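Visitor: As a plain string of letters, each chain reads:
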Amino acid sequence: MAEGILSAEEFARNILEFFQVSDLLKDGWELRYEEKHAQQSCPYLVKRNVLRALHIADVGDAGRLDEHSRTEGAGMDATLRNMEEEEGEGGDGDEDVDVAMPDGRAVVAACRFDYHIVYNLSYSVPTLYFSACHQDGKILSLDEVWQSVPSHYQRRLQSERWTFITQQEHPILGRPFYCLHPCHTADLMTAVLKATSQTSTSHSNYLVTWLSSVGPVVGLALPLEYAKLCEKR
Amino acid sequence: MATSGQSASQAKQLQFAPMNSALDVGFWHRLSRKKLEEYKLDDSPKPINGYYYNGDPDGLPSRTSLDFNSFDEPIQCPPHCFPSHGTLLNFNTMDAFKSCDKKAELEKIAALIWTDITSGAALKDPSLLSRFLLLTFADLKKYHFVFWFAFPALCSIDSINVSKTQHLNQCFSEEQIQSLQESYDAIADQRKGLAYFLVQKQDDLLVVFPLSDWDLLPDKTQVMLGFCDPCTLDQYPGWPLRNFLALAAYHWSDELQNVQVLCLRDRTREGVRTTDHSLVLDIHLPSMKELHECPKCVGWEKNQKNKMAPRKVDLSASMDPTRLAESSVDLNLKLMRWRLLPSLDLDKVAQTKCLLLGSGTLGCNVARCLMGWGVRTITLVDNSTVSYSNPVRQSLFEFEDSLEGGKPKAQAAAERLKKIFPGMQATGLSLSIPMPGHAVGSSEDVLKQTREDVAKLEELIDAHDVVFLLMDTRESRWLPTVIGGSKRKLVMNAALGFDTYMVVRHGMKPPKEGAVHDTASTSDDGAACSSACDDPLPLSPKSPSFLCIPGDKLGCYFCNDVVAPGDSTKDRTLDQQCTVSRPGLSMVAAALVVELLVSLLQHPKGGYAPADTSAKDDHLTTSLISPLGLVPHQIRGFLSRYHSLLPSSMAFNMCTACSPIVLERYETEGFEFLLRAFNEPHYLEDLTGLTKLHADTENCDVLDFSDDESITSQ
Ligand SMILES: [Zn+2]
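Chains as they are written, first to last, in this note's numbering: chain A, -4 to 228; chain B, 14 to 727.
Source of the hints: derived by calculation from the structure; they are not laboratory data. Incorrect hints may appear among the rest.
To be verified - Cut-off 30 Å, straight-line C-alpha distance, at most; resulting in silico cross-link-like pairs (DSBU-like, lysine-lysine): (1) B:Lys347 <-> B:Lys121; (2) B:Lys309 <-> A:Lys21; (3) B:Lys431 <-> B:Lys25; (4) B:Lys302 <-> B:Lys53; (5) B:Lys420 <-> A:Lys42; (6) A:Lys21 <-> A:Lys42; (7) B:Lys302 <-> B:Lys155; (8) A:Lys42 <-> B:Lys214; (9) B:Lys205 <-> A:Lys21; (10) B:Lys318 <-> B:Lys302; (11) B:Lys155 <-> B:Lys25; (12) A:Lys223 <-> B:Lys25; (13) A:Lys42 <-> B:Lys431; (14) B:Lys53 <-> B:Lys137; (15) B:Lys432 <-> B:Lys25; (16) B:Lys121 <-> A:Lys42; (17) A:Lys42 <-> B:Lys25; (18) A:Lys21 <-> B:Lys137; (19) A:Lys42 <-> B:Lys309; (20) B:Lys154 <-> B:Lys137.
What the hints assert, rightly or not - Simulated DEER-style distance windows between Cβ atoms: (21) B:Pro640 <-> A:Arg27: 37 to 47 Å; (22) A:Glu226 <-> B:Gln26: 35 to 45 Å; (23) B:Pro231 <-> A:His147: 31 to 41 Å; (24) A:Asp182 <-> B:Thr634: 37 to 47 Å; (25) A:Glu25 <-> B:Glu283: 13 to 23 Å; (26) B:Ser57 <-> A:Glu25: 47 to 57 Å; (27) B:Leu354 <-> A:Pro218: 17 to 27 Å; (28) A:Asp182 <-> B:Glu677: 52 to 62 Å; (29) B:Thr106 <-> A:Arg27: 36 to 46 Å; (30) B:Gly597 <-> A:His147: 49 to 59 Å; (31) B:Glu411 <-> A:Pro218: 51 to 61 Å; (32) A:Glu79 <-> B:Lys500: 28 to 38 Å.
From a predicted model like this one, the values you see are computed outputs, not experimental measurements. Backbone N, C-alpha and C fix where the C-beta goes; we use that ideal spot for every residue, glycine too.
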């Protein structure tokens, strides 16, 4: 087997081990199976609803709404403004006063990230797909996703080819997702495994090594507990 | 018990952090599909579901999340999340959305909750306490969605007061907290998503019980109410507590007038679990035992402007197939840049406006290749219609296009480009290009038409950055060569013989005085090519030069006419005039002319880039200035030998299309000059001193023959 890649069987074993650790840690990974190939169903991992508070320049919801009002004008927006005026004051007048967000907190956009780890047959490596959207379901633009990359990874994003983010259809769900393109994963893993003087076969959990190295770029950090899976057997 | 810094001596009214909605784009995808394939015009209530979580980091709002799985039965919550039962009302029109009786709809849900409380159903399945209502209107043409959530909460008949608010670790020891976690886990594992529960101290440890165990518990006044709290605020409990308190006030108010409430917040960070930050509230709970009708209900979500009104979201960027096609086309090109050529300036290519004169095999293939490079603005010009023989070779046409006399080629090609990729700004125009030696005649109408045609062509060339000469006659290339040269546009030329082709970029004359040019300066041509070559020798224009020539000294198609390659084609000249070329030839030449343009656009000097040649195999060793490689003046190919050459030649100072005298006359006399060129057979030859041009040309084989079987009117 070529360097830095992983067979589908090894991938399946890796993610089962991974899932067991996750279950203990209660960190929210789900194990799913692709349904269409009943005889050879390939498992994949999903972590839904990871909320990240992002300081994205000017993504105020109100701002976006206004923008639409200008461009779309007419019907729907007029009706919406109309409803605001009619019902805006009404409230419910309830004595159970809602708690407003406490003072002094900057308005941050809470964005939802979902992560999917899927095996890529043509590259023989795992691939990280993710979706990222605002609270109303509008997806983050590629630029916003780039801005969401923690500052200490920004340079890496520029310089390292294996961390670049692109948009692709999810191979199982068929909807557009962002992904860390798999074309350089094998190079990355060859380098990483060499550095730790292991090979992909003797290495006990390829998935953890890979994910802990690329995940943080898109806000996915792995607790140290997973590292136990990588200790040499 | 630990003392608390937060404890207040006098009681205040208990306040709750409101629930927020959080939607994943997958939810909208699924709703759109449901609406199109299943609901259609059915706007009756539909069961959906959401979930919330009690482990978020500080500062995040409590929220009920909906995603792609929200329509699935049974509910598929992510691990450690708690289900919420939703009712979806998807309206068919914005008016229906607006005029729906929202108060009544909310009351319906409130009644469900109240019935579940009073019947005891919620004691067996406490998740029934968490419900929501979602009103939507989906505009699936624009991918705009209007929505409004309500998280119904039953109000207490009297205010609920809180006398003390503490953290869990202020009330209980580490050991007790540990016992609480273990006991909770044991029960929660049996019942997926245990959101509401009872806690009692037994043997000084905290033990968790399901609500249905109430009757079994010994000293009921010592029971704590526990719920999983999605709120992260330090002083307030989250919304799910409200209906739980309604349940407790109805069933257990005798025993629990003063009760402790555990707001369980269960967070794992860096692999370490903690519940210490959970809140413990000491509250006074007014009884609802005697209440026989459903209490008042609140819970509409405010919009972004903090008003009681719906929200709107525009998802065209992620759902509109046209927009998706655009972004994936962009990404595909960016991928090429990121992976291979970091210095590639794709925007420059994308923004280049291309005018394609001729919409035959060359025009179609050039357009396709430009589209592949991300060029978005393409204008096609032709004056013929699609004939039966065209579609097999002309890659933008189909059989249908040739029916009923055939569609106009340029328009049909432009339409097809937009069908292939809706992001294209493609236009097709029928236009006859006047030709020298083809007398216009003196009729007023014809003259007027010719004048308009010339004006239109000038306007088109003005509005574009690049002019492609892809016509099937040599003469029709003359006028755009003159205009393009005068306007300092990039002029790209491709011409086909039977099995030979020629691709040439016209030399770009030095910028006009006072003209501001966006390309790198070329004023001193020596410098322009000094880095790459020695002084060009003054060469006879009749012999091809294999020395490096700066861009502004390069010849045009008509200069090159007289230095046509080899003599192997001479004998075939007559055949070629009425026959086709080898079918692959147009694809090869079209691809090369586009690739040459893109290489040129990436060259720092653009159209002024000195020409690379294949003389002495220079093309194999010379250092590349454009990131894409060589920028030759010409590519001449011989398909029979699968061979190509990269010659370059100087502008010919007697050229009928680009010599100084021609450009000067065009610029000063305009249409009057052109008219003489069209009408008077020897005018250009006389003007340039090349009286024998046509005779020479006929002997010298030309590479521009119809790639169409029929000879068109030219
Ligand atoms: Zn010329």
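Visitor: Check each numbered hint from earlier against the structure, then list the numbers of those it violates in ascending order.
Guide: 1, 2, 3, 4, 5, 7, 8, 10, 11, 12, 13, 14, 15, 16, 17, 19, 20, 22, 23, 24, 26, 27, 32
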